Amino acid sequence: MNMEIDLDKLPLKRLEAIDEAGNEQFPLDIGYEEKRLNMVRRIDFSSVVEERDAKKQKNSKEAAGTQPWPWQSLVENLQVAQQELSIILDLINTVEANDAVTVAGMQRPKQLPHESLSDIVVSSATKLQRLRHLGRYFKQSSKALEQQVTRETRFYDSLIRLQQNWKVKRQHVGISVPGSESCFTIDLLHNSMTDLVLSSRSSILSTVHIDQDHAGVLTVKLPLRLCRRLSIEFPGFHSNHEQKNFLKGKMESVLHTREDEKMALTGEDVNEHVKDSHLILREMHRSIFQEQVFNLVNQKSYNYLPGVNVISMQDDCLQLSIGHGTYVSFRLLPSLEEEPNEKMNSNNQPQNRESGIRSTSSLGSETADEKSYPMDYLNFPDPASLEIFLQYLFHEGVFLKFKERRTYAPRLVMPSQPTSDGCNFLGHFCMTISHRIFSMRVMSMLEGLVARVPYLHLHYHPTWHSRISSWCLSLKVPLSILHSRRRIKPSESNDLKRGFRSHFHTKVVLNGDQINVSGEGTHEVGSLRGDFTAGCLINCYSCDLVDLPMVILQQVAGQVIHWLHEEALIIGLKVSRDFLCLWFSLDQGDKLGLVANVNAGDIRGCISWWLVFDDSSMEEGKLGATDDGERRSRKFLGNLSLETLYSTLMDLVSLSVYGGGH
Amino acid sequence: MSKPGGGPTAAAAAAAAQKQKALLQRVDTDIANIVDNFNLLVNIARVNDPPVRNAQESFQMEIRAARMVQAADSLLKLVSELKQTAIFSGFASLNENVERRIGEFNRLEEITDRLLERVGGEVAASLRELETHYYSSVQRTNCQ
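First to last, the protein sequences are chains A and B. The numbering used here puts the first residue of the first sequence at 1, with every later residue one more than the last. The numbering used here puts the first residue of the second sequence at 1001, with every later residue one more than the last.
By construction, these hints were calculated from the structure, which means they are not laboratory data. Since we're looking at a predicted model, the values are computed, not measured. A portion of the hints provided could be inaccurate.
Stretches of chain A that chain B covers, calculated by requiring three or more beta carbons in the stretch to come under 8 Å of a beta carbon on chain B [as the list claims (entries may be wrong)]:
(1) 120–132
(2) 138–146
(3) 163–173
A virtual CB, placed ideally from N, CA and C, is assigned to each residue, including glycine.
Produce the entire structure from the sequences given, and follow the hints as far as they go.
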């Protein structure tokens, strides 16, 4: 269906005609109603009418042949009405779409009072709901901000406390804009330690990241696999000393704390977390320090050290031979053994227990070679004390010197410049170990001697020097003898004035591996008449461990002889003294000798005594060659105590007084 | 502490003053945001006649509230920055604390050394006493 619509947009007067004279003829003004009718008429229904007529004619033609449907006309009328209505609706839509055209004469119908009130009520309710929603939003935001304030207060308080003892650094993440996130780390490396050898583990361990959990609690993660401790071991000797690890118990308590995260945190909990953080940092710092010690020992072992040879060298193990058949190994062991339910591993480090155990297994492979090493474990010093001593040497001899150099002449230190401090430090340490082991052997030997010589006392004199040990073997005259001496010579109340000693000392000093024995007590003849000089050392020996027992026994036996000589002089006997023999002069030129026999291997007693008769008819210095002659010329007395020796001396008094007959 | 004629100290002081000014400006901006948005929020809380305007104003109220919270959050971040600045820029207090700790540790070291000496002396005396007791004991004297 084609439809044409023609509307006037502007109410302008159109020129109807113009004549030749130029006169304009306008149409006559039409009234309002007439205009409306004209406008309506302009809507052309002609096509619809024509179509309707055509249909009528067609129907009339058909009706001549068929019966008419009674409702046909109604249907047709309705169809026509629908078409007209659709045309009108299209017209109205077109009119509405045209902004310049407004529907004239249309006004909003006035609202009734109840309608306006209901509108206001609805609006108020809607606004109230919005305001309540805003209120909830503000409350929620306030709570979140309060929690954030609490979190930040906890975190920064803990950070300030950590800063009191550690070097805290700040790193800005991303562009430095106000309010950007900052990353905090703790630098465990001292400025003066940068020149020292650092392994990759130490470098990783030296920077510790500080994290903040959702509650604002400051946490420090401990990378278990990277923390190692220095261990000194003697192959074949397993110390029962257990490394105290304060961290393991704390780790368990931290785990329990994390399980109770739902409970509100108190100030005490925050304190505990800070203390745990301190503990973890201390453990890592100690691990770095001990790794540096190990690395320096490893490095310095390349240099020549007298008496020290490298047996094996690995990343975490160094074995040295330090002389006297002694071997010592320096190892880096994991600080904490990882457990299957251990939760404290860092999230970005996959749990891998093999590396922590691999070093142990590598140690296990070395134990097979340890069977060839000496198993005299009783003579080994405590490894824990050696570990402390090694760290002390490193700290005093190397670390502080590096620090002083950087403090006073920071630009003059060349990291590649070799220093002798490290060599001295390792050499001194190895010599100390060697000395300690040797010292224990010497002491065990001395103790064995003293156990077999009842009147000999052993006293240990601490020298507080790492490579010097000192003992004193004292021989004391029993009090009963002293009392009897005073009974014999009551006028001589002060034995010292006469130069008579009641005790004799033998000093054994071990300096490094040099044994020096110095004995006192034996005087020259002339000194008996003069003033006594206490501490007159006349015997001084340097010997090795094999000869030491004999040297000491000879010294002690000499002191006993000296004492007996003095006692004999007190009594008034004519006596003379030889090295280990005391000769009594008898009548007719005979001599009776009391001879000391020293034997370090005698388990019944190291010093035994013989009584020897030196007949003047016999060649001097020779004893009887026949068996009968031996039984006549000498008699074995056995291992005698000092009281027995003194009583023997008293018996010899009568012999010397009344003659030397057998 | 700025030296006359300029230098690193003067530049540092100028930078610090500039930073202080920026921080104060941020504080003022944030607080002004909060106040202004709250005022606007109160103003548009009135119920209007056309309901269409109410929907528009409710949306505005949400925006104002969000801006207030944002300004508060910005203030909180500013406080965090100030705390960090106080922690990491207080060199005088840090150095003083380090010196104090060094003094404390040196004193502890001396105390420990004296303690070790005393312990060593007591150990030596106890060892001497034990040795004397042992050598005068019945077990030892019976061996003679």
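Coverage assertion for the segment 138–146 of chain A with respect to chain B, Cβ distance below 8 Å, three residues required:
Three-residue rule met by the segment 138–146 of chain A, so holds; n is 3.
Tell me if chain B covers the segment 163–173 of chain A under the three-residue, 8 Å CB rule, please?
Holds: 5 residues of the segment 163–173 of chain A have a Cβ under 8 Å from chain B.
Quick one: see if chain B covers the segment 120–132 of chain A, three-plus residues with Cβ-Cβ under 8 Å.
holds (count 8)
The structure is consistent with each of the numbered hints, conforming to all of them.
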